[in-house]
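Here the protein sequences come in this chain order: X and R.
Read in our numbering, the first sequence has 181 at position 181, and its numbers run on one by one without any break.
Read in our numbering, the second sequence has 250 at position 250, and its numbers run on one by one without any break.
The hints are simulated quantities; they were obtained by calculation from the structure and are not laboratory data.
The model shown is predicted, which means the values in this text are computed figures rather than measured ones.
For each residue, glycine too, the CB sits at the ideal point set by N, CA and C.
Keep in mind that a hint or two might mislead.
Said to hold, decoys possible - Computed list of lysine to any residue pairs in SDA-like fashion (alpha-carbon distance at most 25 Å, straight line):
| hint | chain 1 | residue 1 | chain 2 | residue 2 |
| --- | --- | --- | --- | --- |
| 1 | R | K8 | R | G47 |
| 2 | R | K139 | X | A154 |
| 3 | R | K8 | X | H205 |
| 4 | X | K30 | X | G192 |
| 5 | R | K8 | X | D208 |
Claimed, not checked - Here are the in silico distance ranges between beta carbons for each label pair:
| hint | chain 1 | residue 1 | chain 2 | residue 2 | range |
| --- | --- | --- | --- | --- | --- |
| 6 | X | A255 | R | K277 | 49 to 55 Å |
| 7 | R | G190 | X | I60 | 25 to 31 Å |
| 8 | R | E164 | X | G46 | 26 to 32 Å |
| 9 | X | A256 | R | S290 | 35 to 41 Å |
| 10 | R | D330 | X | D206 | 30 to 36 Å |
| 11 | R | H93 | X | P254 | 52 to 58 Å |
| 12 | X | D206 | R | R248 | 50 to 56 Å |
| 13 | X | V153 | R | R186 | 25 to 31 Å |
| 14 | R | G137 | X | P254 | 46 to 52 Å |
| 15 | X | A197 | R | D166 | 33 to 39 Å |
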Amino acid sequence: MDQASLLAQLHLHAVLPALVELARDDAVAKEIATRAFAVELHAGDGLHNLVAAENGLVRISPDSVPTRAVRLRFSSAAALNALFLGRAALPPLPTRGFWRIGALRRFISLTNRLNAVLQPREPIAERALLRLHARLSFGVALRALPLVAEHDVAARRIRAATPPGVFSLQVPEAGFRAWARWDGSAVTSGFGEPPAAVTAAVTVHDFDTALAMLAGSADSQAAVGLGRVRVEGLLLLADGVDALLQRVDAYLGPAARARS
Amino acid sequence: MNPPNYQKSAALFARAVEVIPGGIYGHTSPALTLPGASPYYATHGEGCRYWDVDGNGFIDFLCAYGLNLLGYNHPEVEEAAARQARAGNTFNHPTALMVELAERLVALVDFASWCVFGKNGADMTTWCVQLAREHTGRKKILKVAGAYHGAHAWCAPGHGGWIEEDRTHVHAFPWNDLGAFENLLRRHRGEIAAVITTAFHHPSFGDSELPAPGFFAGLEAACRREGIVLILDDVRSGFRLHAGGSHRIYGFTPDLICFCKALANGHPISAALGTAKLKQSAGHVFLTGSYWNAAVPMAAALKTLEVIERDDVIGRIAHAGARFRTGMTDLATRHALPIRWSGHDSMPFLTFADERDFFRSQHFCRAAAQRGVFLHPHHNWFICAAHTDAEIDAALAALEPCFAATRAAFPA
Numbered sequence: 001m002d003q004a005s006l007l008a009q010l011h012l013h014a015v016l017p018a019l020v021e022l023a024r025d026d027a028v029a030k031e032i033a034t035r036a037f038a039v040e041l042h043a044g045d046g047l048h049n050l051v052a053a054e055n056g057l058v059r060i061s062p063d064s065v066p067t068r069a070v071r072l073r074f075s076s077a078a079a080l081n082a083l084f085l086g087r088a089a090l091p092p093l094p095t096r097g098f099w100r101i102g103a104l105r106r107f108i109s110l111t112n113r114l115n116a117v118l119q120p121r122e123p124i125a126e127r128a129l130l131r132l133h134a135r136l137s138f139g140v141a142l143r144a145l146p147l148v149a150e151h152d153v154a155a156r157r158i159r160a161a162t163p164p165g166v167f168s169l170q171v172p173e174a175g176f177r178a179w180a181r182w183d184g185s186a187v188t189s190g191f192g193e194p195p196a197a198v199t200a201a202v203t204v205h206d207f208d209t210a211l212a213m214l215a216g217s218a219d220s221q222a223a224v225g226l227g228r229v230r231v232e233g234l235l236l237l238a239d240g241v242d243a244l245l246q247r248v249d250a251y252l253g254p255a256a257r258a259r260s
Numbered sequence: 001m002n003p004p005n006y007q008k009s010a011a012l013f014a015r016a017v018e019v020i021p022g023g024i025y026g027h028t029s030p031a032l033t034l035p036g037a038s039p040y041y042a043t044h045g046e047g048c049r050y051w052d053v054d055g056n057g058f059i060d061f062l063c064a065y066g067l068n069l070l071g072y073n074h075p076e077v078e079e080a081a082a083r084q085a086r087a088g089n090t091f092n093h094p095t096a097l098m099v100e101l102a103e104r105l106v107a108l109v110d111f112a113s114w115c116v117f118g119k120n121g122a123d124m125t126t127w128c129v130q131l132a133r134e135h136t137g138r139k140k141i142l143k144v145a146g147a148y149h150g151a152h153a154w155c156a157p158g159h160g161g162w163i164e165e166d167r168t169h170v171h172a173f174p175w176n177d178l179g180a181f182e183n184l185l186r187r188h189r190g191e192i193a194a195v196i197t198t199a200f201h202h203p204s205f206g207d208s209e210l211p212a213p214g215f216f217a218g219l220e221a222a223c224r225r226e227g228i229v230l231i232l233d234d235v236r237s238g239f240r241l242h243a244g245g246s247h248r249i250y251g252f253t254p255d256l257i258c259f260c261k262a263l264a265n266g267h268p269i270s271a272a273l274g275t276a277k278l279k280q281s282a283g284h285v286f287l288t289g290s291y292w293n294a295a296v297p298m299a300a301a302l303k304t305l306e307v308i309e310r311d312d313v314i315g316r317i318a319h320a321g322a323r324f325r326t327g328m329t330d331l332a333t334r335h336a337l338p339i340r341w342s343g344h345d346s347m348p349f350l351t352f353a354d355e356r357d358f359f360r361s362q363h364f365c366r367a368a369a370q371r372g373v374f375l376h377p378h379h380n381w382f383i384c385a386a387h388t389d390a391e392i393d394a395a396l397a398a399l400e401p402c403f404a405a406t407r408a409a410f411p412a
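Bound-form chain R, shown alone (with noise of 0.2 Å):
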């Protein structure tokens, strides 16, 4: 196969920086993943591959950012979304789906007594903080140091656009330090609101970790004990780990729970649901956005959520993600490149044993990119059911060279 060429990639970008700050922002920016040695844009995909302006195709690794889990343009789904739109997108008001998605959901996650929706993760984390501080009258918010929950003002990474006053109530402790997490109790006793913790710690930049054996239950218990509200941020790991919630495979109950991405395998609806004790505090806080109440991607996470369950996509997933660790470390070993391999089968990540500045990262999924497999360097990676073993095994034939590049580029 021919390396890829980004010619028009570029020329797009090049139109972009004229009309758009960054050319691209957030965290799609070129910036934080592999400028000029990998696609700027995209045309379309199918199953686990897409292509890009200039005709590229990879096999992906990121999927979308984790919205594709079923594969790209999954034909039950798209013919869902395409069926509701021929009937309406957005009304005065809501349609029936909304009732049917939110019964389904709370069908589906075992502590949850009811369910709204929004449009992306951040829109159901802020509001789950504001409805924990409405619920309990307090105002202090507990996370962990590093976790993402959004772009928004009490959360978002990066060092502009924030004042202190914005984050003056919100506190974090190192993941998985009970010990951290109950002198922050002890300080600001009778104070917190919120909780507010992911399923396992999938920082960027940095290893994925597992929550340590009894991580949750101390969490769960200090809550119960101090009428803290418990929030889980399954927005990455929402129907990767779980049908029914990440709390499920980690043994412990929060009280508000946070979906997205996954949810409508790439159509654009956010959800939080919660217990009964929190609907009524739920009607004091206003919720609302232009796009909402759209139709189209509730029709489509309906889909989603059927294919989920009828296909065993769960059981799939983790399949195709141990398929791809067992065949990326051996490739390590036979390559005498020491590896770190963090996270969940489904949403694994790899680094460099030793090396914290990601210069080995960034030379091997530059290479990968070059043998047309998708990789980011500093980001955790997901797969989604369109992983067949011939897929990992394409990608992992692909991989070996890369290996080899690295450890040529990088010896000892």
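Only chain X is shown next, with the shape it has when bound in the complex (with noise of 0.2 Å):
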């Protein structure tokens, strides 16, 4: 797989997603959900997902998609990079329901509104709302592991060096308890209580340094020695996980969306 179209299904399965959270507990994108919509988005080669709203609620779902959806079809894996980079490209070509112009308006505000707490252009002053941001931020990284995992030639090599075991993520300040589970042959994630006995355990106790490992500007180390961070268990597995992170930092952290 290239690198765009890892690169489209991350912003589609890794991303796209954290909808779904962001409508349940944050008030603006709620309030966008009200009103129903569904729109597919399409960049060829199985590159397809569906965002579903109604009353409130967002669901994601690439194999249920309602006659009602709009099916916005994107030239290729790099023009749905753009469209969620907010780069200049060939906008995409409606393919059904493309009279549903409110339709398209919701998901662009509710799209935009997940830009804007995953990727804040000034800092979050809130609590609250810092708190959200970093549930999601994690959560598209736990999201994206396995798919960096399994198709980025640099992650494979960390995967192969890396012992099986299932290993635990949690931030409490933010409400966050992740997982991801390495048996060998593939890495699967999800979140709150981990399928199995864990084997590496992450807990970050400071909401900061939390912070400074989204921003990628955390000394994860350091953090550790200095108690912001507890690390137990198999250290060579929670060492693997966090290489896979920064895996997954070089498409979808700060530094690669400024460089895209």
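Work from the hints to combine the two standalone chains into their complex.
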């Protein structure tokens, strides 16, 4: 898979699903999702996903497309990526339901709100919104992990050198708990309680450190030494997942967005 | 005794992170040991004990990751070093000590006819790899998977700072797996410059493994047959298993051997020794470093070697290690904690049976630090000549409640 296609997969299957939690926990997003809409994004080669909203709830479901859905066909993975990165590109062609302008407007408002929370232009002052920013950002990273571990060349090298096990990540102040499992053939991830006994556990006790991790400015070894992050269990697994998350950052992090 | 507090360590570390990446980097990083539950900064040592900046004292079973063989602050070694320091350490030229130390080491190592010096183990392992390539005109290096040979790009652990091309010609096979080794030989016949191995397998984050019968004989026979240079990385185990190189106790003969850690009881020096047939090629591989001719570590090394032989240090640490092993296994049995005790008696390691994730090891080692015994949860331990029976017994007495606490924290 080329880099543009992988990035498009990440946008469709790691970033876009953050809309579900955004609509649940953010009043602005919830309001936008009150009125129903459904938008299907297509960029060829199996690159597609669907965002549907109704009664303040959002669902992401590539396999269940309502007949009322607007279908946006992008000319390429790069064109789809440009939309997510806010870059100029050939606009998508509405190949179905193009007269549902209102649905498109609501979809764009919702994704703009997601951008504002995930990638704020100004520092977020409100603590609750900052917690949501952290929760959504860590969520995107954990969803992206299996895709990057499977398709990124450097990540595959890291994966091969990482012992198998179940990794747990907690950020108590953000109310975030997720896990990743590496079974020797594939990486999977999920949220909440891990599916099996944890092999390596990372707890980010200090919220500023959590934010620095997301901004790509954290010194993880220093944070552990300072007691701001606690790592227990199989350190090699935690180290491997950390390195994989850095590969995720290479696609979705601030530096990657700046150069895209 | 009062449990240790680490306020001064923490304060120093907080200053450090402002000016040093990671605060403390590399193998001594708190992230790799027991963050918040063991010292970050030391002040002084004596015998098998050391003290930290908060004044906490520890019976030490890490021995500065193996550097401390005779005991911290060994009077004779420090006197020899101080005497040379008064005369001078570094000059435009080496001192006569370089010749004397090379002669001494060549006399100790049965297969060696020459010797060179560096500062760190990786200086020597990397140079030996270069030498093997120079001598054979071949590219490929075979190593044991998970073995540590230093922090250079061809062999460093971790995921950062190296590229695929650094390791294109480095291939790994599992320890004790002659079949996998033979497969690599077949696949790369005529391309292999060197096989590099430790005397026994002592990976971090894993049990140590001794060589299976026939393993080294198999490696050696294949290397002789194929014209491959056999390198013994004796950086960690050198002068703990045998004064003349660890190959002596496992009955094989390498072409090159690398020493460091215990060679000068903590003073910075490493050495590589080789066979006569490699001497000319050795002269072709440029070797130097700013401090590599420093005289003080050479004086310390000469005295250390003298003490090792005079005081039967190898026998003493084997005795102390056996006493520690017996005591620890007895304690584990008494507290119904199944353990795996691995490695050589002078470089043992403990993990808890049926556990691969080190939660119990970390708990146990944290408890040990609380009671004044320093044990690493992820890296093999070291015995030194200052671990007298009384010190071993004191450590065992302090560790008994740690077994109890671990048993309580992790009920079956």
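> Is 35 to 41 Å right for how far apart the beta carbons of A256(X) and S290(R) are?
Replying inline: 39 Å, holds
>> Can you confirm whether the C-alpha distance between K139(R) and A154(X) stays at or below 25 Å?
In response: 24 Å, holds
> Do the beta carbons of G137(R) and P254(X) sit within 46 to 52 Å of each other?
Replying inline: 48 Å, holds
> Is it true that V153(X) and R186(R) lie within 25 to 31 Å of each other by Cβ?
Replying inline: Holds, since V153(X) and R186(R) (Cβ atoms, about 28 Å apart) stay within the stated range.
> Does the alpha-carbon distance linking K30(X) and G192(X) stay inside the 25 Å limit?
Replying inline: 23 Å, holds
> Does the Cβ-Cβ separation between D206(X) and R248(R) fall within 50 to 56 Å?
Replying inline: Hint holds: Cβ distance 52 Å, inside 50 to 56 Å.
> Is the distance from the Cβ of D330(R) to the Cβ of D206(X) consistent with 30 to 36 Å?
Replying inline: 42 Å, violated
>> What's the verdict on K8(R) and H205(X), does the C-alpha distance respect the 25 Å limit or exceed it?
In response: 22 Å, holds
>> Between the alpha carbons of K8(R) and D208(X), is the straight-line distance 25 Å or under?
In response: 23 Å, holds
> Does the Cβ distance between A197(X) and D166(R) fall inside 33 to 39 Å?
Replying inline: Once the Cβ atoms are compared, 36 Å apart, the range 33 to 39 Å for D166(R) and A197(X) holds.
> Is the distance from the Cβ of E164(R) to the Cβ of G46(X) consistent with 26 to 32 Å?
Replying inline: Taking Cβ atoms as reference, E164(R) and G46(X) lie about 29 Å apart, which means the hint holds.
>> Given the hint of 25 to 31 Å, is the C-beta distance from G190(R) to I60(X) inside that range or not?
In response: 56 Å, violated
Hint violations for this structure: numbers 7 and 10, all remaining hints satisfied.
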